[in-house]
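Chains as they are written, first to last, in our numbering: chain A, 1145 to 1477; chain B, 1145 to 1477.
Hints are computed from structural coordinates only; laboratory data are not their basis. Source: prediction; values computed, not measured. Hints may be right or wrong, so weigh each one.
Any copy, or any two copies together, can satisfy a pair, since identical chains are not distinguished.
Simulated pairs of lysine-lysine, DSSO-like, Cα-Cα distance not exceeding 27 Å [said to hold, decoys possible]:
1) K1418 <-> K1269
2) K1269 <-> K1302
3) K1401 <-> K1219
4) K1412 <-> K1219
5) K1418 <-> K1302
6) K1362 <-> K1156
7) K1443 <-> K1219
8) K1408 <-> K1425
9) K1157 <-> K1443
There are 2 protein chains.
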Amino acid sequence: MNVETFFPELLKKNKRVIARAISYVESEYPQAEELLIKAHQHSGLAYRIGVTGPPGAGKSTITNQLAKLYLQNGKSVAIIAVDPTSPFTGGALLGDRVRMSDIGRNENIFIRSMATRGSLGGLCKKAIDAADLLDAAGYEYIILETVGVGQSELDIAKAADTTMVVLVPESGDAVQAMKAGLMEIADFFVVNKCDRPAAEQAINALKTILMLRNHDEKTFLPEIVKTIAQDNIGIEEIAKEISRHQDHLKKFDLLSKKRIQRTKNRIKEIVEEKLTQNLWKQENVFSFERLIEKSFAQKISPYTIAEDILNTFKLNLSQKDENGNTASISSSV
Amino acid sequence: MNVETFFPELLKKNKRVIARAISYVESEYPQAEELLIKAHQHSGLAYRIGVTGPPGAGKSTITNQLAKLYLQNGKSVAIIAVDPTSPFTGGALLGDRVRMSDIGRNENIFIRSMATRGSLGGLCKKAIDAADLLDAAGYEYIILETVGVGQSELDIAKAADTTMVVLVPESGDAVQAMKAGLMEIADFFVVNKCDRPAAEQAINALKTILMLRNHDEKTFLPEIVKTIAQDNIGIEEIAKEISRHQDHLKKFDLLSKKRIQRTKNRIKEIVEEKLTQNLWKQENVFSFERLIEKSFAQKISPYTIAEDILNTFKLNLSQKDENGNTASISSSV
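Next comes chain A alone, as it looks inside the complex (with noise of 0.2 Å):
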């Protein structure tokens, strides 16, 4: 497939189109990074929402349910649904997209499920990549929203400009434990199925530890949204604090700080990234397996040929590009 007459058509939002392209980015095909290079220039324009919170909190209703909102109000959406959980299986398992068929053939809606292949450092990097893509397409509103706990969370939430950490009264200990963590990357706190008993308490825990936080005037103060996702309620109250936090970004010139800080570190990752695979190529040069041999038979330490095969890298480097041109030449800055 021929990026040049193909790119035209995802500008276009051509759904099947952009289908192919998130799949070139999640498969690592040569294309990719053209793709992403082009998308680029046009990107910029949509606003992006993180959803994040423990397993089981209604993450998935609640995306569901803000997307069809901002399709009611004429916006586009892109929904990414990022799932760590599943490193083998090669594909996302959420079955509870299923539900969202209803929406799925409406033109101003993209919904992807993502899950991790390789790594999970991977995932988030690719979901940032997708979300490029749809940016590029024009679609106004990009939701990433992850399943499960951890690092991924912490990377797609730094991938967002507004992100919302969605809890449900009774998390238990795993999600007590999780607060600390949720809180500093949370804009703003979403308490689903709050129609349960221990909602009030839960809320006022909340306020307690947002009461905490250091703040100044720039600082954004909060709401505790409400919601009762599955009848739909409290999901206009999610759009209205979105578009509050969006409010004072711009006001504070908060937006373009963030967006700054986001693309340094995609560009740390992506030379990161290089870096590495610039360095496996070489596998045979530095023989990686004899070194292993090596290593188990006598004892020696994993840092002590590390050290080995990082000085042969370097040495091979100083010789030759991966083109086998001397670096000296090849590299034009």
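Once you have looked at the hints, place chain B on chain A.
Then chain B, alone, in the frame of chain A:
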């Protein structure tokens, strides 16, 4: 602290010294690598057991009971509890470890909780480094327990000789989704809280899934161990299944293969970490901040900027190494 005087104490199982050595690894002290290189020469005798599964399944209780059993049998045990779900607190929130205080004073047991400080990958690497130190110190069994679900489980499981996955009968949808992943890493399964009504159903489901796995004569055919860990029921059966798996690995010469593979993965990780450290040490060389602003202002893709940075890095490597020497002289492989 001088590693030369310090290290012999570690080999003598001085708990205070071991604790400090692990802190060095955790905080990335300059002495850490020297310590690990030395420790490696004395390691390889411990048997490493991975305990994983969804939150609330009873992993800590099982780990504690199993450790007690080994102690009663005159063995020495070290527990490393890895908690990837608390990325911001900088300390592990494992309240239930308090329960262990009764055996915490025993000479032959060492317990350490490790929580995420930076990246998830980093945590797993440090936990494995800590296991090496404990191995060198002479603990016969090292139990690596992880809290939560996701990539970290896989990494920790890959670092163990025998990995058990602990489930509860009614683990619900989240676990259903994960099963595919957990299946791959489990050497055997423990169904805890098996006095609950759904236990038989859960066990039958597991049996069915286990039958679907590919196997030949070298495949270990696992039992499903039923436990009620808080009543100390089924713990001996766990120990038996571990030892049956250990015998199996030895019989088919699989243990050394597993360990060579593990060493290979570790070396890769260390090389990548060192390489990226080398890279970002030179942040000023390629004016990273300026490049990012340029990227943002001119809508240049992060991928393009990343390529620029890499080329500068390579060019720089080809001229000087980190000490300012030319690479061809300094790199002695």
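Consistency of the hints with the structure:
{"no.": "1", "hint": "K1418 <-> K1269", "verdict": "both (13 Å within a copy, 21 Å between copies)"}
{"no.": "2", "hint": "K1269 <-> K1302", "verdict": "both (11 Å within a copy, 24 Å between copies)"}
{"no.": "3", "hint": "K1401 <-> K1219", "verdict": "within (25 Å within a copy, 56 Å between copies)"}
{"no.": "4", "hint": "K1412 <-> K1219", "verdict": "neither (33 Å within a copy, 46 Å between copies)"}
{"no.": "5", "hint": "K1418 <-> K1302", "verdict": "both (21 Å within a copy, 25 Å between copies)"}
{"no.": "6", "hint": "K1362 <-> K1156", "verdict": "neither (38 Å within a copy, 55 Å between copies)"}
{"no.": "7", "hint": "K1443 <-> K1219", "verdict": "between (62 Å within a copy, 25 Å between copies)"}
{"no.": "8", "hint": "K1408 <-> K1425", "verdict": "both (26 Å within a copy, 16 Å between copies)"}
{"no.": "9", "hint": "K1157 <-> K1443", "verdict": "between (57 Å within a copy, 21 Å between copies)"}
Checked against the numbered hints listed earlier, the structure breaks hints 4, 6; every other hint is satisfied.
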